[in-house]
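Participant: Protein chains in written order, with full-length UniProt numbering: chain A, 1 to 308; chain B, 1 to 244.
It is possible that some hints are incorrect.
The following label-pair restraints were derived from C-beta to C-beta distances [unchecked claim]: (1) 93(B) x 180(A): 36 to 42 Å; (2) 81(B) x 274(A): 40 to 46 Å; (3) 173(A) x 172(B): 57 to 63 Å; (4) 63(B) x 54(A): 40 to 46 Å; (5) 22(B) x 22(A): 49 to 55 Å; (6) 173(A) x 93(B): 37 to 43 Å; (7) 54(A) x 39(B): 55 to 61 Å.
By construction, these hints were calculated from the structure, which means they are not laboratory data.
Even glycine gets a Cβ: it sits at the ideal position worked out from N, Cα and C.
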Amino acid sequence: MISVKNLTKCFGDMVAVDGLSFDIRPGEVVGFLGPNGAGKSTTMKMLTGFLAPSEGEIRIADRAMQDGSRVIRQHIGYLPEGAPAYGDMTTYQFLRFIAQVRGLKGRDSERRIEEVVAQVELAEVLNKPIENLSKGFKRRVGLAQAILHDPDILILDEPTDGLDPNQKHQVRRLIQNLAKDKIVIVSTHILEEVTAVCNRVMIIAEGKLLFDNTPEALLQKSRYYRAVTLHMSYSADISGLAEIDGVDDMEVDQKTGRVTLFPHDNTEILHLVTEHIQLRKLPVDTLFVEQGRLDEVFREITQRETAK
Amino acid sequence: MSMVSVVFRRELASFFATPVAYVFVTIFLVMSGVFAFFIGNLYERGQADLLPFFNFHPWLYLFLVPAIAMRSWSEERKSGTIELLMTLPISTFEALLGKFLAAWSVLGLSLILTFPMWLTVNYLGDPDNGIIIAAYLGSWLMAGAFLAIGMCMSALTKNQVIAFILAVVVCFLFVVSGSGIVLDAFKGWAPSLVIDTIASFSFLTHFESLAKGVIALNDVGYFLILMGTWLYASLLIIEQKKAD
Ligand SMILES: Nc1ncnc2c1ncn2[C@@H]1O[C@H](COP(=O)(O)OP(=O)(O)OP(=O)(O)O)[C@@H](O)[C@H]1O
Ligand SMILES: [Mg+2]
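Next up, chain B with everything else stripped away, as it sits in the complex (with noise of 0.2 Å):
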């Protein structure tokens, strides 16, 4: 476990020493706030909740997430450090934990500093703040699993580029499946099993209740078994592809 802190420390360091963090924080708040008031009226709604504010989430971490995931592997392995890690008496599950916990909590730290929006809504009107806290809580847990996707994207390939680009594809397919333009290209002739399944892969439909504050036990185990399996097959990958 000590292993884990020590690169989960090395890796939030690096997010920092590099601009990435700071980047990566700023471009979420300002756009989390454009999309949220121009976008989505949160002001205009008259409405004292966040909900047009986390609707956009998902949207957001479709091109922000890959941004920070693509390094993780992708330059350990060009840069020849992951000969390094790997020499090291650390295991590549605690290498791969220390480095998805370190980028998750810079995506924490992203979501905490919106409070200016929490303080917003509290100060116009009387929101129910535990449905707020369930949202973000929520909205962290979706960015884990787009960050294992993330990770493991860039497990696949030397070129960050290509990690990018993969991860987006993929996390796309995941948010859309869900969406009304699929599903509707599956209604009629596809059986309502098939059409069930799809939309219960989809990251909107799990991230829907979430945002109203609905903690439902299948919405949380749907996103930690996400994590858990693409967290997996990043470390089935790295085995095979490290030397390469």
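Pulled out of the complex, with its shape left as it was, chain A reads as follows (with noise of 0.2 Å):
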């Protein structure tokens, strides 16, 4: 369990993070999102206890960083922004120094390389100098180097940042199966990324919370949450399409053609309008329901917050 009261980290007079609150449980699976330089990097630096907070308190494991940073760093596996590794060694001999730090011996220590070596895919790179691997491979070994003691906390900075697709959808799938009981903290600028592996999205602008809840409700933010988009095959009066009871409003794509009609308070509309087309004898070819749109949520909340 992390606890957080009133995080504050001032570098100078600029207010990086700025009285952040919040706890999270095990089982929870944080997205931590935000514009450039809005803090992520900085509260999760704090949080692993690499830069001491300004002002307020951490408590990780029921104790406070300031006194059991140790002890709680044994429960953390941290991928620092920019995955930074010991260039000069191989992924092998990197992954052998983490183990020994982190207490594993003889052969339970080979037996956890194996293991996380096959997880993130690490076979062809095992001899190879990390300074000579490709970006993505270098990402893989700080995150194998984050996950290989199995901790209970994972806390990773931007994880799936130049990954090939395979591999995010790899990254993403080990996130997913690690143990129910865990705490993860993700950040990221890949907004689908948090859908798909959250249960809890945290976005922060400038330093403050300015969201804090499942993604589903970060969705139900959207204007186009249930909202349903059609496409005729040709023209035919769409007027009556507005007039539907729990239709708010209606919107026509100019270049695509496509007619967008937005539901009064989230409610469905989709049973309503597939009756309007049938008894209008509308011809259309295409008839979807949009799941919300996320870029849009997070422009409006994030530059809500700039433009004040």
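With the hints as a guide, dock the two chains, each given alone in a separate frame, to form the complex.
Facilitator: See below:
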């Protein structure tokens, strides 16, 4: 369990993190979202004990960070931003070093390294110096290092940055497959990643926590949540669509000719729309329910803050 | 303690994985030989001891030790690995000690590899080997003091070149503070207490008797205290600046 109260970090007179408070319980997979320079990495650095907060308190596993930092660090696996690693070591030597630091010995150590190497598919670069690896492989080495001791708390700063689509998928699966009683915190700029792997979203901008809820709740903030989009094979009278009970608004995309109907109060309108279409015999060739557009919600939340 | 040895082994491996250790040892061997034979006239003196060899050590260390110390923290900070290191269950002190001992071992290895010099004087004459061993120990101690200064300068900056230059300057001050030129500049107007204090800070003054094989408590203590002080300063600096 992570408990953060009024966490603040100043660099000179610049406030990078501004009074964050939150609790994270085992089983929660938290996605940190926010524009560049929002304070995500700075928050993670404080959670891992690398940076001392200017103000506020962090408690992890019932210990205050400043007293129990060494014990706390044993519970945490951390992938710092940019996945730093000792370039002169080979992947295997590096993982061996981490295993020793983590107190893994002999057979145990070998077994864990084998498992992790399989999990993030490092076998082909095992004996290459890390400085010669491609960006994606470096990131994977960083990831392997973070999960090597099977930590209760996993803090990953942009784990999928620079990975190919297959590897992104792999990493998301890996996070989903972690035991259900762990805490995972990931920061990312890929919004879909959050709905794919997280069960809680925090949006930070200019150091402040602006949103803290489930990905579903984030989607619901979108105008497009449960909106119905349709396309017709030839032009027909669509004015009736906007009149349907429960439809608040209608928009026509000039370029694609798609018509989007926005529901009143996030209610289901699909059945009403299909009824109408059948009644009027409209020549609809495409019809789907929107999931909600995250980029739009993200923009709205974070720009409202920066505009102030 | 076990963490110190884990860091120690990693650092040592890194010295030999990059050519740093090989280059260092080679240059040390060549230079110490050149100095001893051509400038110190080890051979022509006709005396069976290694005094000319040891007398050049402060000047050799002045440039070579900062070169081996400069990367210790600068590189960690530049590449960001310090963030990894400091979030592993290793204390700053353990990391510091591990790094120091690894570099100090490379310096020790360089000294040991000068053994042909020792064989030569033993072949040519009949030196007092106790004195020579004491001088070797003294030289290694002094190298440790140079190293502690170099590592502290490396903790100050991300830039290895700046770390090197700073270390050379600070080491230079410690070396020359006991030399005739500096002391002469103070003679005549400064009280003798000041002059004695300046001289007592000098590597040269303290190494002089060690090189002659006299292991006095105050000389050994001087180098040990110097090491401790500079390492402690590094510890404070790293804690302070690690995230900058
Ligand atoms: N060591 C430092 N000294 C001064 N300012 C810093 C330092 N570290 C971070 N900052 C500032 O703090 C702010 C927050 O930075 P942080 O790295 O936490 O952002 P972020 O949310 O991780 O951004 P990104 O998405 O680009 O990774 C930035 O304005 C940054 O310039
Ligand atoms: Mg960041």
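Participant: Each of the hints needs a verdict: does it hold here or not?
Facilitator: Structure-based check of all given hints:
no. : hint                        : verdict
1   : 93(B) x 180(A): 36 to 42 Å  : holds (38 Å)
2   : 81(B) x 274(A): 40 to 46 Å  : violated (59 Å)
3   : 173(A) x 172(B): 57 to 63 Å : holds (58 Å)
4   : 63(B) x 54(A): 40 to 46 Å   : holds (41 Å)
5   : 22(B) x 22(A): 49 to 55 Å   : holds (52 Å)
6   : 173(A) x 93(B): 37 to 43 Å  : holds (40 Å)
7   : 54(A) x 39(B): 55 to 61 Å   : holds (56 Å)
In the structure shown, a violation is registered for the earlier hint numbered 2 alone.
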